[in-house]
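In case you want the letters, here they are:
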Amino acid sequence: MNIEGYSRRQEQVGRWKVNIVSYKLGDQYYCTVDNVEPGATLARGQGSTRDEAETKALDKAKELVGKTRVVA
Amino acid sequence: MADYARPEMLVPTQWVDEHKNDPGIAIVEVDVDTKAYDEGHIPGAVGWAWDSQLCDTVLRDIVPKDKFEKLLGASGIDNNTTVILYGDNNNWFAAWALWQLRIYGHGDGKLKLMNGGRKKWLAEGRELTKEPPKITPKTYEARDPDFSIRAFLPEVQKGVQEKFFQLVDVRSHQEFTGEILAPPGLPETCQRGGHIPGAKSITWSKACNEDGSFKSYDELKKLYEGEGITGEKPVIAYCRIGERSSHTWFVLRYLLGYEDVRNYDGSWTEWGNLVRVPIEKP
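Sequence order for the protein chains is A and B.
Residues in the first sequence are numbered consecutively from 260, following the numbering used here.
Residues in the second sequence are numbered consecutively from 340, following the numbering used here.
Hints are computed from structural coordinates only; laboratory data are not their basis.
Among the hints, erroneous ones may be present.
[Stated by the list, open to error] Pairs of lysine-lysine residues, derived as DSSO-like cross-links and limited to a Cα-Cα distance of at most 27 Å, are as follows:
#, chain 1, residue 1, chain 2, residue 2
1, B, K497, A, K276
2, A, K319, B, K459
3, B, K374, A, K276
4, B, K459, A, K315
5, A, K283, B, K572
6, B, K572, B, K620
7, B, K449, A, K276
8, B, K459, B, K497
9, B, K459, B, K477
10, B, K374, B, K502
11, B, K560, B, K502
12, B, K459, B, K406
13, B, K477, B, K449
14, B, K374, A, K315
15, A, K276, A, K326
16, B, K469, A, K319
17, A, K283, B, K359
18, A, K326, B, K374
19, A, K276, B, K572
20, A, K326, B, K620
21, A, K283, B, K469
22, A, K319, B, K374
23, B, K572, B, K497
24, B, K545, A, K276
The structure presented is a predicted model; accordingly, all values stated were derived computationally and were not measured.
Could you build the full structure based on these sequences and the hints that come with them?
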């Protein structure tokens, strides 16, 4: 199966930027959210629509990013 | 524009797409996010998990020789196989795997990174499959480990004191300054923020284009030489656990052709937790 509808964009979550990548493979949409710098995947989501996959991943990523401490 | 010092260490995505079924080639995916492979991988590619198959979790060490031999053999790789590595995050852990393959003596000529990694493959709309690869197990014989490309704590400490090595901190600027103790959203794994005294901050991602591929030789040369990292002195790269610095190690060793480059895989999770050892904060 070839990947369809590859999409990549950035959003600001609090003080941090995240990348949101989503695409369709077969009949499912997949989404990963990473923390831009360094780019580590924070969360992933899967669903029958792009919106469903992105919402699942982004909600989890927001929770994780919100725990980041700035110490200095 | 000058070519990379060792251009044969890279292959484009298009080449992999055209040659993925060739005999004598093994494609291996190594991701930071170990679930990515199961979501879909290049047809025929084997998946290795960095956190269980490429390390000794008891000693905190690279994969032991016997386990390495079994892993490669079970992946259909023998000593004559050309191994093409790719992965997510612009090949972080693919570079980590390549570094370990070099430690155990897999020949440079039979070792390559797919330029741009999983990111570029996905963006180009290429094929993925969930089908496990059909593998014929082989026998692999590793050499004794060559640690000339690995830095251990004592030599880093000696290097800091005697300034014999140049240290490159490849983490984000906010990790370098100590503003944060871990990348946003990831668990903190050190007691203090900052960097090893004398280290230069050159974030790993500065070596990459937006599509995940490596910048040109001229751009890389300008980047590192602009910070005084010329290859005239031995270089030690470090990050948090050694995977981002594997990426920089690859750039300095194979794309710029520096002779003596070492990856300090103990990195900040080791140095940042040491007792009575100084750090620097800007």
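Cross-check of the supplied hints:
no.	hint	result
1	B:K497 <-> A:K276	38 Å, violated
2	A:K319 <-> B:K459	25 Å, holds
3	B:K374 <-> A:K276	23 Å, holds
4	B:K459 <-> A:K315	24 Å, holds
5	A:K283 <-> B:K572	48 Å, violated
6	B:K572 <-> B:K620	24 Å, holds
7	B:K449 <-> A:K276	38 Å, violated
8	B:K459 <-> B:K497	40 Å, violated
9	B:K459 <-> B:K477	30 Å, violated
10	B:K374 <-> B:K502	41 Å, violated
11	B:K560 <-> B:K502	22 Å, holds
12	B:K459 <-> B:K406	31 Å, violated
13	B:K477 <-> B:K449	16 Å, holds
14	B:K374 <-> A:K315	16 Å, holds
15	A:K276 <-> A:K326	14 Å, holds
16	B:K469 <-> A:K319	25 Å, holds
17	A:K283 <-> B:K359	23 Å, holds
18	A:K326 <-> B:K374	23 Å, holds
19	A:K276 <-> B:K572	36 Å, violated
20	A:K326 <-> B:K620	23 Å, holds
21	A:K283 <-> B:K469	14 Å, holds
22	A:K319 <-> B:K374	16 Å, holds
23	B:K572 <-> B:K497	14 Å, holds
24	B:K545 <-> A:K276	17 Å, holds
Hints 1, 5, 7, 8, 9, 10, 12, 19 from the list above are not met by this structure, while the remaining hints are.
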